[in-house]
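> Below, each chain spelled out in residue letters.
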Amino acid sequence: MGFPVLSAIVLTPMAAAVIILLMPDKYTREAKVIAAATGAAVLAMALFVYFNYDVSAAETAAAEGQSSFQFVEDVPWVEALGISYKLGVDGISAPMVLLTALAAFTGVLISWGIEERCREFMAFFMLLVAGVFGVFVALDLFVLFFFYELAIFPMYILIVTWGWKVTRVYASMKLTLYILVGSVIAMVGVIAMYFVAGEATGIYSFDMEHMIAASQSGAFDQVGYLGREGLTFARFWFPFIFLGFGVLAGVFPFHNWSPDGHVAAPTAVSMIHAGVLMKLGAYSALRVGVQMLPEGARVHLPWIVFLTLINVVYGAFIAFRQRDFKYVIGFSSVSHMGLVSMGWATMNEIGMMGAGLQMFSHGAMTALFFACVGMVYDRAHTRDIPSLGGMVQRMPWVAVAFIIGGLVSMGMPGLSGFVAELPIFLGVWNAAGVTLTVGSFTLSNYYPVIAVIGALGIIITASYVLRVVQQVFFGEYNAEKYGELPDITVLDKIALVLLVGSLIILGVYPEIMAPMVQTSMLPIVQVLAGGA
Amino acid sequence: MDIGVLSAITFLPLAGAVVIILLPRDMKKTARWLAFGFSLAVLVLAIWLWFQFQTCEPSEAGYCFEEQTTWFGMINANWHVGVDGLSVPLVLLTALLTPLAVLISFEIEDRVHMYMSLFLMLEMGMMGVFVSLDLIIFFIFWEIGLVPMYFLINIWGSANKEYASFKFFIYTMGGSLGLLLSIQLIGLTTGTFDIPTLAGIWPDFTPEGGTLFGLGIETIKTITFWAFFVAFAIKVPIWPFHTWLPDAHTEAPTAGSMILAGVLLKLGAYGFLRLVLPFFPEQAARFAGTIGVLAVLAIIMGALASFGQTDFKRLVAYSSVNHMGFVVLGIAAAAYVYGGRGGDSQSAIMALNGAVLQMFNHGLSAAAMFLLVGALYHKAHTRDLTRFGGVWVIAPVYGGILLFSSMASLGLPGLNGFVSEYMVVQGAWPIFTLYTALAMIGLFFTGAYILKGIQKVLHGPVKDEWKGHNLEIEVREVVAIAPLLVLMLVIGVWPNWLVSVINQAVSRLLGA
Amino acid sequence: MNIGTLENSELLAILPEILLAVLALVVLALDLIWPSSRKRELGIVAGTGVFVILALTLILSPPQGDEALLGGMIRHDDLAQIFKVMVLLASALTCLMSVDAEGVGRKAEYYAILLASTIGMTLMASAADIIMAYVAMETTSIPLYILAGFLRDDDRSAEAGLKYFLFGAFASAFLLYGLSLLYGFTGETGIYDIAAAFRFGEPGTLPLLVAVIFVAVGVAFKVSAVPFHFWTPDVYEGAPIPVAAFVSVGSKAASFALLMRVFLGIFQHQPQMWAPLLVVFSVATMTVGNVLALPQKNIKRLLAYSSIAQAGYTLMGAVAVYASDNGLGAASVTFYMGLYVLTNIAAFTVVTLFHRATHSEEIADMAGLSRRSPGLAMAMLLALLSLGGIPPLAGFIGKFYLFSAAVDAGLVGLAIIGVINAIIALYYYLSIAKVMYVDRSEDEDKPIEVPRPYWVVFGVTLVGIIVLGTIGAGIGFEWARQAALGLPGV
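Residue numbers (the numbering used here), protein chains in the order written: chain V, 1 to 532; chain A, 1 to 512; chain P, 1 to 490.
Do not take every clue at face value.
On the chain V side, residues computed to face chain P include the following (Cβ under 7 Å) [claimed, not checked]:
#: 1; residue: 72
#: 2; residue: 73
#: 3; residue: 77
#: 4; residue: 150
#: 5; residue: 180
#: 6; residue: 439
The set of hints was computed from the structure by calculation and includes no laboratory data. By construction, the Cβ of each residue, glycine as well, lies at the ideal position given by its N, Cα and C atoms.
Given the sequences, and given the hints that come with them, work out the whole structure.
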């Protein structure tokens, strides 16, 4: 085993958090430097992992229906229960690790100006980042939950302490409880999975690869679960696990925490939160829900797709109705994350690949959005859209960055949004053969309708993006009210350039990410197709 | 990897845009000249392309200068570009109008860098549409063009720019949604996005069992046809999808209007030619009547609306609706024949040739007209026709040029407009006699509004308001409009250099 | 039975008890010798002494398997050992945290009584005979009654003492009655002998059920399971804070040890009788505890209700004891109790220091604590998060084991109720965190003094809960499982 790079990615921020916490209060600057250095280091390591991921090995494995996890580390932890500290990435999680590193680094950069208890902020922020990394690299279900929950409490502290004074207490609590309820219900489901798989295979282990293998050997598809004819473990538990994680992915009707949480959070936290944390939910729902319980996915995703459709269209519509700049972006996340879930619900290669790309694209885009909102708010001290205006004169960089982000969000070709959303819609068309059976009622050929209605979301998105761009960045600058607003700092600019750059690179050259996501989706698609 | 000429034409403007946006703030002058230089370089390439095209051996599908590389392998979307006789005149038109528009834009003082960059990006978008031979690439450029245009109107437009730019964007974007969904559907069911390939297989495509998504293939084709139709109809624009156009034109800066009327509207018509006719011959023929009616309505209503305006720019804007109506009429007639609903193919070819030529011609004359309107507005700061009068006396050169371009627009024999409109009418007459007759009545109204415009601006006593004002056209503007005037005359007298190229592609398309 | 001879191993088995008795005497003697200026050091001596005893126990007195010792009165197995460690740890930490506590810190008799109670607890952990169990329980409880009422001048403390005594006596009576029934059925007093007797013939369902219920009620009082929890908040509120801490951890841990031994020992062949009963106890305890904790404004009362809820979670693992042939249930209970001892002590220590500086026990008064004393706020935060089950703290992994045990026992519904409860609990834990971190107060520039002994307490507890939650999770669980596998019926 070589250098444990994944452990380094997870533990570096954690160590940084501890060091920063233990420093005396006056070392504000040093705390920031440590955080930034940590961010840069993990970004470098994440890039290393991303570009050293062996796609051809993944292809070989996919041909045999196996997921190819690389950079694997495995240390026994609680041997009695088959828990081990096992890390590894595949083509779905490697981009997520990169995204997290990107958001973490840029988050630190744009938080440079925080004055109130900056040291503690950086410490909790690092802890949050460590938790997020942990989930993406976990190859053991216990480790996954460990980091999943670990990410949530610094989030609470960050929002409640540094958040927007008006709603932070309410929003942070709402967010924490929502997410936790979802995750612990999923956790109970996973524990149940553990015992069922253990019984079937004779090996009790939380190892995800073991669990996937157990699933492939049909451990979760035995009829007669809970003594009911026609019920299998997978069918019973899939909704709980998928929607349990789906809470964090903002799946309707469990999305309610998200706009409030995003708005109340300080800028860097919103970036991580909407940019990365929501992907935790989507990622886990895919990994644990779909990949391990494919039989349940086949039964339930055909109706869950309706929830995702509501996400897409309704989220966009609500975003359109907002007056608060940040709420617009908050609801837009709900809408875009709906596309990710919709991608999962297509259950075919192209749609799921698109959703994988969308996770990255939306992550970078939303991080960019929240960074822009934060920069405007920090200077203008209002987020009321109608009272802003002409900010392009004061902050041209922010304006350009926001516009590019906006174009990504409306799926403008040439940017990452398009290369992600197009395959999702193609996937939805492709899923036309899916039928939904409820009792004696059968619905078929409805996926194309979903595609058509879902496309409405794009036009609504265009409307609200343009409205915001117009009213915030163009129009009359109210010099009387705002005086001479300063432009953003160099660090802010670096952050914006990094985020915008990744959006453009992915948009122009999708092949940089698509093959690795695709090859890693293949085994999942294969098991989904397995018993159809 | 060597870069083909089409890629170069497409991405050279982008390179220019990037260079310009990175220039220091205070180098306004450099930014202007760089933009002009880049667009001029594109023009040189386009002219070279034009001459090379004369001798080029087209591929089996009829395209020259083809390039093909994988772009997004997963969804089988490729960078496939190429030109034929339909697109090459439009490439030339785009390449010609852009430097002229840039030249006109030298009067812009506010945020020059951004303006020039956006302008070059706009050029890239338009070029991309004309050269792409892959549905996804086509769509990408189709949408990309929207963004710079939105900002050109939104930032540098006049009073009501926010409303107008928003309307423009949402209309076009809304229209293209159906297009996007249909592209997805077609691509998925056939497994390819390649336009030449699809032109071969989609018309006769029958899925297994004859149904798709539980609907008959005929229904699917009809639905996708209408989705394509609406997207392109909004862009052209065909009555009643035209309402965004007067607003957008009125509010856009002069150069924006030139490009909007000169090239962007052609994208819609080009879409009909490149995609709708080859993909949906049967549906197009079935609905050709309907389209013909809409075209006639566009001609008549456009002319009447134009006549009713008191704003000079709005008047010219509505004239675009009127003129593009002829393009659509020609296409409708050709579609009718092409789909095998009767009529002789010679007429169809004539009509379609006329339509394509009309696209080119309208590009010239509309750009010229908007330029002239802009030139006047720039000095007089009003476009209110009722306030003008006797301008010819104050600005004789301007008056002469305006008269010349108006006549071209009107369809005076000897100038370009006459040739194309005549061809459309002659070709469409045997096919849609009634519609063509009505369209000719529309032509009469065309004369009316143009004359009204001339009369209100140029003739009559000089209003006190303008005494002592210099409304004369500037040298820079003359330089910008001169190539347009020359081409109007050349095409009017010797259209064959253009028609022969167009005819080659049209004949191929209509299978004659 | 051979009472006449005492072997070395038998002496070693009660080594901690002997040493505790000696230590109590030493403390009393020092009180006589030392001038009043040195009285503060009594607590340090007591605390350090217990730590030494703990170390000696671990080194000199390894578990001796399932051999009945001292005439069958006790067993010195892994289960006994692990719970002894917990109890001793609780005792040592309580001594240290009492050093500067008002009204108790300088009193030798306080420490002596505390140590006496500890003796009872260690015996509870190892009792293998119903008489021994009862005696141990009384040895534990009677000193605790005194301690609860230790502040004679404080009405609330006196009331707490009396209340605790009345409820405790009531519970004792129940337990005693239940145990006497068992003796009546079988004629045996040894826990394992009774079980063996039951294997050959039960006395009939109803009488046995009565015995089960009586024993269960008695133990339920001790672990403050709903509906026998009413004494808890009042006693916690009235008693001196270190005493409340000790009651909440030491007594509870010992009672769980007893509960497992009694149920698994005596009723191992009749799980259908007590498992449903414990399920009901578990659900009621955690739900009522959590819901009643929500409106609390006094930190001690809140911790009281929270400790009720914690008992509810632990009962979940206890229910699962019957179903697991892999010892998961008993192991999870053991592990959870271990981390609970550390966590609750940490929380109560913060409360002690806070009370010492401000004379307030109101949650609202903790506003601005993170600015006033960042270290204390962090300690409290870690303790609360561990109680709430957030990684990387031990509470998370402990709850994970409990839920796993419940699911393994086929009690998925119970596990779901458990996790929902865990989230309700998080609401009030986080609310305290919010008060400490967000709310402001005027006293932010007055840091709270943390005397040396308290550093030790924090060091042991916080490092403990972090280590148990991360790298120590495997080792800790392995030991707990070892202990569980020593139980009969596993």
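> A separate judgement is required for each hint: does it hold in the structure or not?
Results for each hint:
Hint status for residue 72 (chain V): violated, given a least beta-carbon distance of 19 Å to chain P, over 7 Å. Because the closest C-beta pair between residue 73 (chain V) and chain P is about 15 Å apart, greater than 7 Å, the hint is violated. Proximity of residue 77 (chain V) to chain P holds as hinted, the smallest CB-CB distance being about 5 Å (cut-off 7 Å). With a cut of 7 Å, the hint placing residue 150 (chain V) at the interface with chain P holds, because the nearest CB-to-CB distance is about 4 Å.
A hinted interface residue such as residue 180 (chain V) counts as satisfied when its beta carbon comes closer than 7 Å to some beta carbon of chain P; here the least separation is about 5 Å, so the hint holds. Among the interface hints, the one on residue 439 (chain V) is violated; its C-beta lies about 25 Å from the nearest C-beta in chain P, farther than the 7 Å criterion.
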